[in-house]
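Construct all of the structure, not just a fragment, from the sequences and the given hints.
This is what each chain is made of:
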Amino acid sequence: MSEQLVNYQCPSCTGPLHFDGATGKLKCDYCGSLFTVAEIEQYYAQQVEAAAEVVDQDPDWDLTMFGNWSAEEAAHLRAYNCPSCSAQLICDENTAATSCPYCGNPTVVPGQFTGMLKPDFVLPFKLDKRQAIAALRKHYEGKRFLPNSFAANNHIQEITGIYVPFWLFDASVRGRALFDATRVSTSRSGNEEITSTDHYRVTRGGEISFENVPVDGSSKMPDAHMDAIEPFDFRDLKGFTTAYLPGFLADRYDVSAEESSLRANERIRNSTFDALAATVNGYSTVTRRQSNAQISAGQVRYVLMPVWTLSTKWNGKNFLFAMNGQTGKLIGDLPIDYGKYWQSFFGIAGVLMLIFYVLFFWIM
Amino acid sequence: MKKIAFTLLATLMLLSLLSPGLLANTSSADRLDLVTDVAGVLSQGQWEELNQWAEDLTEEYKIDVIVLVVEEIEGDDPEEYAWGIFDYYGMGYGTDKSTVMLMLATVSRKVSIVAQGIGNDAFTDYGKDTILDDFLVPQLRNNNWVAAVYAFMEKAEEYLALNAAGKPVDIWIPGGNEGPGTGGTGSGGPVQEDKTLATIATIAIPIAVALILCQAWVGQMKTAVKQRAANLYITAAGLQLTEQTDTFSHRTETRRTIPTSSNSSSSGRSGGTTTSSSGRSGSSRSF
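These protein sequence lines map, in sequence, to chains A and B. Position 330 of the first sequence, counted from 1, bears residue number 338 in my numbering, the numbering being contiguous throughout. Position 213 of the second sequence, counted from 1, bears residue number 272 in my numbering, the numbering being contiguous throughout.
Take these hints with a grain of salt, some might be off.
[Unchecked claim] A short, non-exhaustive set of chain B residues, derived as facing chain A with CB atoms under 10 Å:
1) G149
2) G151
3) R168
4) V205
5) A269
6) Q279
7) L291
8) G297
9) L298
10) E302
11) H309
12) T316
[As the list claims (entries may be wrong)] Using 20 Å as the maximum straight-line C-alpha spacing, the simulated EDC-like pairs for lysine to aspartate or glutamate come out as follows:
13) B:K285 to A:D231
14) B:K281 to A:E238
15) A:K321 to A:D341
16) A:K33 to B:E213
Honestly, the hints are just simulated from the structure, not real lab data. Quantities reported herein were computed from a predicted structural model and do not represent experimental measurements. Beta carbons are placed, not taken as given, at the ideal position from N, Cα and C, and that holds for glycine.
Below you can see the structure in the form of structure tokens.
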């Protein structure tokens with residue numbers, strides 16, 4: 009006959025519970041909390057019930073709606089390949105790529121344009137190259153640890169307006185989350201201070217919808233760069249035509265919608281749980297214990313987004329900056345002058361130590 | 060008060076008939092010797108050495124350094140008993156009757172340090188408590204009466220010297236008492252411990268502040284950061300709650316004894332000396 013061992017954990021601290029004969033209750037070995045058998049059975053029944061429901065469900069995105077290039081459109085497009093980073097770029101017949109916007113390699117190779125999926129929408133550029141350079145100069149301002157030589161001798165090697173492929177995901181989510189919450193109060197009895205902690209089990213469920221969650225479809229463009237230049241104003245989306253391409257390069261997507269949906273799902277889930285957690289108010293501490301989100305797939309659109317990329321080399325290292333071609337938001341990591349870092353660190357610490365020394369040892 | 064004094068006087072006179080050594084100790088009807096051993100715990104040689112030591116301190120620092128060892132005291136308050144003897148025999152140095160007095164009852168197992176005048180400056184609340192808790196009570200619990208008396212004399216000499224140098228032994232509290240050179244902050248063993256906190260704060264806080272500021276500036280250099288959520292893309296309808304339960308589970312309690320003035324550690328108390336309306340201070344222990 010098989011025997012099933014049941015090890016109960018304390019709902020308060022997850023320490024092991026044992027039956028205390030003196031009180032007739034289950035007692036926690038660690039925090040000393042006492043629970044009746046009925047309380048623990050009810051608690052575990054709820055846990056089991058909740059666990060049965062706690063299954064994240066990914067959506068089956070409909071990826072069959074995309075169109076293809078027409079023969080006429082394809083005839084007016086040119087393709088370039090970067091032998092260094094394998095980027096594949098397209099442009100109209102009047103625009104030529106002179107260097108790779110991602111790695112700065114100056115020997116991009118013309119190639120044969122072959123049709124892939126045609127974008128549904130395009131967000132046209134609103135800002136030009138001059139504004140991108142001005143934004144980069146402003147980006148350098150106020151950066152205390154920027155090496156002097158980087159700003160002074162910095163020659164931007166390549167500024168390229170590029171339409172970056174993005175997938176936009178719409179979704180509806182049904183989410184549920186269980187939280188452990190506490191309310192702490194302090195009272196005094198005689199010469200004793202009593203800290204009482206009330207423990208609560210909090211459940212929140214709800215529905216929430218998302219629209220146009222963007223995920224870039226280019227493996228060459230760093231995700232961090234593309235995430236950081238968000239948001240785009242999607243009210244300006246236009247139905248795609250090649251008329252928006254002259255003067256700019258366009259990257260072909262090389263990360264499929266299906267692959268990109270994993271990142272979209274992750275962001276959607278996190279936002280759902282954040283929204284549920286935001287409704288748990290009035291507690292001293294709130295800890296999410298379990299959560300699940302069932303994402304119902306909505307539309308997926310393939311769009312081209314306007315991005316100015318500015319690349320430069322300094323001390324043998326590439327630095328890539330990206331500017332939202334619609335809003336002008338520019339981002340990009342800057343090098344750190346550690347000489348300035350330590351100078352600031354010891355300067356601040358030294359001055360404060362002197363002040364504290366005078367304060368503690370002479371004035372007080 | 061008078062009743063206590065008379066009772067003690069009667070005891071002293073009775074004992075003086077039985078103990079020639081003690082007779083010499085209590086030879087003055089107006090004033091006790093600085094070291095008076097009614098309980099008979101000191102040898103003649105020890106008494107002479109201690110009494111000379113007390114007279115030297117008294118002369119040097121203009122304060123009566125008194126030791127009184129008895130077997131039992133009247134009542135429960137050793138400080139009241141000590142002051143009763145002090146007043147009855149007209150002890151105290153100068154117009155402000157400066158004194159520091161150790162009163163030890165070997166059978167009642169009570170010990171008290173009382174002070175007045177200069178004694179209040181040299182023997183702060185913290186100072187008295189430190190002598191009692193760290194140097195006397197551990198000896199007295201083992202009935203080491205002589206060692207306890209010698210320990211008191213050593214600490215009395217040390218505390219008086221520090222007070223004369225403008226650094227009475229006291230708890231060190233930032234903003235709570237005066238700093239070195241102004242006569243308020245103490246020095247010596249107990250105070251070194253408290254200054255350690257200030258030293259740590261003087262080093263650690265500036266380093267922490269500098270680190271936080273520098274890391275914040277480093278953060279400005281890194282602007283290409285992945286997004287973990289999609290809050291910007293939540294539709295205008297927002298979250299529609301369909302389930303909302305808050306269920307009380309259980310309560311846990313922790314209890315902490317609040318330190319009182321008599322048992323508190325150095326933290327959470329003020330420095331200086333607490334005196335009565337008559338300008339007297341004292342601290343007592345049972346052992």
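Open item on the list: Need the list of violated hint numbers for this structure, in ascending order.
Closed with: 1, 2, 3, 4, 16
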